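A.B. asks: Residue strings, one per chain:
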Amino acid sequence: MSESIVILMIGVSTLLGALGLIALLWGIKTGQFDDHSKFIDSARFDGEDALRDAVMMEEKKKKRDEKKKKDEKAYGPPD
Amino acid sequence: MADCTCTHCNLIFDESVMIKEEYNGQTLYFCCKGCQGVYHLLENEGLGSFYEKLGDTTLQPPSEQAGDLEKFDLEGFEKRYVKVHDDGLHEINLIIEGIHCSACVWLNEKVLHKLEGVIEATINYTNNKAKVIWDPEEVKLSKIIATIRSIGYNAYPYDPKLQEERAVKTRKSYYMRILVAVFGSMNIMWLAVAHYAGYFGGIEQSFKDILNVAEFILATPVLFYSGWIFFRGAYYGYKNRTVNMDTLVASGALSAYIYSIYAMVTQRGEVYFDSVTMIITFVLVGKYLEVLSKKHAVDTLDHIIGSTPTEVTTVKEGVKSLVGVDNVIIGDIIELKPGEKVVIDGRVTQGAASFDESSLTGESEPVYKEEGDEILSGSICLDSTLRYEATKDASSSLLTSIVNLLEESITKKPRIEQLANTISGYFSTVILLIALLTFAGWFYATGSFENALIIGISVIVIACPCALGLATPMASLVGISMSAKRNILFKEATFLETMAKSNLLALDKTGTITEGKPSVQTEKIFETFDFSLLYSLVSTSNHPVSKGILAYLESEHEKLESYPLEAIKTIQAKGVEASYQGKTLIGGNASFMRSRGVEVEEESDYTLFYFAIDGRLAARYELSDTIREGAAEAVALIQEMGIRVVMLTGDNPQSAQRVADAVGIGTFYAGLLPDEKAKMIDRFHQEGSVVVMAGDGINDTIALASSDIAIAMGNGADVAISVSDVVLLDESPMSLYESYRLSRRTFQAVKENLGFSLLYNLIAVPLAVAGFVNPLVAALSMSLSSLVVVGNSMRIKTLKFKKEK
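Read top to bottom, the protein sequences are chains A and B.
When you line the first sequence up against our numbering, it's residues 909 to 987, in that order.
When you line the second sequence up against our numbering, it's residues 696 to 1500, in that order.
Honestly, I wouldn't trust all of these hints.
Unchecked claim - Per the computed footprint, the stretches of chain B lying under chain A, defined by three or more beta-carbons under 8 angstroms from a beta-carbon of chain A, are: (1) 868-880; (2) 969-981.
Said to hold, decoys possible - Below, in silico cross-link-like pairs of lysine-lysine (BS3-like), each with a Cα-Cα straight-line distance of 27 angstroms or less: (3) B:Lys-838 <-> A:Lys-977; (4) A:Lys-978 <-> B:Lys-838; (5) B:Lys-1492 <-> B:Lys-1446.
Hints in this document: simulated from the structure, not taken from any laboratory.
It should be emphasised that the depicted structure is a prediction, and the values quoted were computed from it without experimental measurement.
For glycine and all other residues, C-beta sits at the position ideal for the given N, C-alpha and C.
Next up, chain B with everything else stripped away, as it sits in the complex:
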């Protein structure tokens, strides 16, 4: 049988499973009804040229969409996402899912354009975001979404007021200001060359005037448009009664500018317009680098809140009804269906089911709950329908309190005072004072106002905030790009500095030190059997142990077949049972085996899985959560750096002890609930430690949010990733060590840079105070000092890690 490609999505399937169709004399193949539907839809609409544009790109076959369209027309939804224009048009920002290539963008835009009532639709291919403007009188939002879905894509709204969008806007504004500044200073540069030549070789006053005026025209937009940021910063600094870099830059540039105008009008002395633009440009570039390295997290809480059901099914006197979560009172009986998320804490009154509590404890193994057991909000009901009595209302349930705690800790996140900012604050004050004193001194000594002013200004100009302004951002940027190459993402440059100062590392166990899923340690075969039988049996269950066995079998055996099993029964928290060609297959834990009359020994530190055929034991597997590769080594190396390592886990003390011993962690705290982990972090803070926390699950998020630096594993929960400051994409514990090394090296470079610029100023400023500095020297030394800082930052790239391959 030959493979062939689906006409719509280009995915390759076996010919026998394809839907065959004759259409306009051609034979078409489709992998599913969805693809077929979309194909005909496009052909009928005259959009068949989509396939020419598509080329060989493969698409996702369209999936059946849930009927949640009504929610797009609800008032609450509209209030949140839809922007109403003055002329009555509505605007929404959507993220389109399933865009693979530019042909997809074309198709979506085309379809939206054809839709009656849509006034504007633009889709950004790079980030799959779309802006749609429509007339609410002619078309409903739900219709727009339905149209996008009908051609096999999905759209969901996002709030453009998010931090991320704002960050993009700031970046854009900085970029434009830099463009103006660069344009101005480059043009002034070549005018200045003529100026300097005239300074040394003689120049007629009339030409000097022309150059002066031209420089003035170029410098003005640079100072007031590009330099606006510094004036604003200086103003805020003034309001808060602090002197910062912005004050120095603004006052230096402004006074040089005003003096230059004075010199230009009176035709006496030299103009300093080139210095004005140079300062603004250099420091602005430094600031831009800082903005560039800031990567704001997307709105984190939206995700949790978004995935929480807003209504529950309550049962009152035998009548089921949907009730809003907020209207549930203590004592109400709530019915829970498989797959539903618990939003209200309670106690089971009828039925039994297993629950996925991974978002609370981090443990992937489902917990079996029956009558009388407590169930916690945030867990997910996995297999059967049960009823429970609400013991708390929605606002005091665990899930809500986690969300609240999270909100609180994000806004109150402790930040370590930044070295560069403190230094530049003092520095700016000192320089301004020196400049003032110089001016007063020279004025008093020589009596010449003009001369004293020049020298006063040259002190500020030569003090060169450029090198100081570039010191931190340049080093941070190199550090960040270095770590990104090693699959470590720092979301903000300042985190490098904070991390370098940290002296305590708190690790989560499951998912961080360990892989977070059980895998087979030992296999014991009692009786030879067809492994495909076991393979078929375990593939019927979603239990992590079954998945572990499945993965093991797949890696050990090559030829495995999936047999059609009959009478499959999953016994919760025990095992699976099925029959195949008259054979009874059972697989599960010891108590399950015993209940089926199979005698087993159960001496083991690990989770055990038995497999029996027709009542005879065939195999035994020992499974445990494996420790990630290199974890022990990484912990040892980090401890070598003088950092205390502790482990925080929601698991029981025994398994915590085992893992702690294996990786060499002396202190651990077991059995912690999410908020208790955060309390531990707070305790470390009170002891004066700077805490780095590494974790992966929703259960770690509060702790992550309250630590100084939060490190998340790349495939951890979305929320964990979004509250964290650093993401380890390759999830290896060695990356933890590497990020420590990198942050310390970067911080060292920052210190060197700051030291150098201070040293430079120690030499240059007295010269300027003494009046030895002419414009050429000032301009040259300014550029040179900046270059030194850039060069020194580049040295971070030579950092070598131990055991480099």
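Pulled out of the complex, with its shape left as it was, chain A reads as follows:
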């Protein structure tokens, strides 16, 4: 068995493990495991409705950002 194979084996397996770990840490950090039941409910209540809702919220956010930009322009010094 050559060194490079051992390096490859250790490297790949550790990397894959580390990716899983990082994903888990990210999940914890962003609070995805805070609510156990919601985790399951999101599957139960999944549907077009939820999707539309999410889009609506996105649009709301966008609209506000745009409005803010406009406001900023309006208040800015005339060029």
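With chain A's structure known, arrange chain B on it following the hints.
C.D. replies: Leaving out everything else, chain B in the frame of chain A:
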């Protein structure tokens, strides 16, 4: 008549009382206007699918909400609860009341999402907490709250900066660090197996290098990310000039790590990366267990302050006006309406009313006050409007001073020095010294720097702080979970140790030894009568005696009917009067009977209640506050353990004497005000006692806060529960005894664990000093010693209580 369910809340009612409605060709039934309103609101908004999601879950019918919405837009409120983002968005954390199921969460989120100006709304089903982000230019907070209320839920804000939230955050951070540590050490483990095999069977240097580098890569994040806690702890220890466990762990792991890098680069000797990660992982798990068993109380004082009115009605030259509490000066005339809480001490000038002083004295019986009587802040006016003159300003009134005292005693709460920490402090110093001496000795004797360093490090590694680090938290965790199964909640693991050392138990009388409400002892019937008459009469009054009679009647008689009584009159502190079908019914105490011309004998130790129909005495009841079941037995058992038991009460000496005699308490102190109770606790402290205090009311809170361990009854006042360290959910005095037993057993296990790890070190360290330890032995013995500690802690579970059923 058939029962049917309300279309909105799914509660079952008789059909005759339901609101019937035809809607879209369907017949709908509603139990109340509120449910009907919410139903139509949801249908109109196109949220009817809520009911499909709801299934069979029942809801609370929406209640009429008080018009306190304006307060949400006030500046002071905003400053306190609302977080302003950089981009001008506002954020608030709310607790939503009335969430029963996931459909409720869905509905609330949906409704909030539909609201114009709400940018984000997420609700946590597990703890009913919601985070709402909104644009203050488009929608007001009061509108958001009103929306939640309109669909039958209620929302109130909470401060996310509370201790509890912080504790959750710490737990999360520990958890993440443990994950990294476990990942690192498990992967190093299988690399180490190859290493050990090579150590005994021979291995080429090139493969050894690969393994070394891989272990190095895995160990680095474990040491610096997961082990960061130890470096921080060691740094704080250094700043305070103390040596603690963290110093030992940090120095041991760091020196092993640096040496291993040296060995890896120079390709000489063995690497110790596996030991580095093992130490960090084990001790970190121990620390995590400790954090896990810490349950922080929610902010206690907020509750008292929150329930205190901020304004009072003053009367000046016949003109009523609302004045802020702080602006009231001595001599002002204040008007008090029924149900209001007194915030300023004073003397009654006009009118009379009864007051609920339970938050001050612990006694549930209302006190009747008339012109010239003192009224104390913290009591609640029960029945009529009266005027009183302020004799103190707000800041020196009793309520404020209680709050201040409480604040003080919470922050200054005495804590007993913890055994494990002291031991590990000494231990760490000694081990570090031995390691240093070993290194110096070997270096001097052999002249080889490298060899001396290995042996020096192996002393630290084998000294295994793991077992020591696990000794206390493991035993405490088992102890805590055992007590939780017996309905005893220890809020923090260290309380077990403190409680085990206690030698004095102070008990409150009302609500702790006794049930806290009067119940019927004897019944004497002079003339047969319809019990439903008495039942109807006593159910019109909220007086504890009436409630006691009511409970007695309900338990004794099966068929009781509520008659529609007429001309009901409640005469304060005396009794009730009513008429039914031409009969005059009166019920009350002896003086009330006499004033109505009924002759009664009143020889009794207990509270008496008479019932007369048309001027003829029908029945007499003797009531007293009953002592909780098993109280005498529990007190005896606790005294058997060598613990002094005393009773502190705000009640009069006679009834205190009676209760003390009944349960076998030799010493009692009666007639104590809340702050006097706390002073008694301080006196016990000065006598050198470690005091456990058990109580239930607001009147006990200061005493609870100043005792070493505070035990609250499960249904006691919220404040009492939140300042206490231990909560007895089943409220039985036997639980007091059990918690003593459990804490002592746990403390014993802690001592055994510590003893074992010290013994282990006594054997292992000299071997390491002599240079007999190789990496495999070090790793094995490390794990074994930790396992022994875990196993010994599990033995707590075999603890048997006397008289187990």
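A.B. asks: Compare the structure with each hint and give your call.
C.D. replies: Here is what the structure says about each hint:
1. 868-880: With 5 residues closer than 8 angstroms to chain A, the segment 868-880 of chain B meets the three-residue bar; holds.
2. 969-981: violated (count 0)
3. B:Lys-838 <-> A:Lys-977: holds (26 angstroms)
4. A:Lys-978 <-> B:Lys-838: holds (26 angstroms)
5. B:Lys-1492 <-> B:Lys-1446: holds (16 angstroms)
The structure is inconsistent with hint 2 alone, although it conforms to all the rest.
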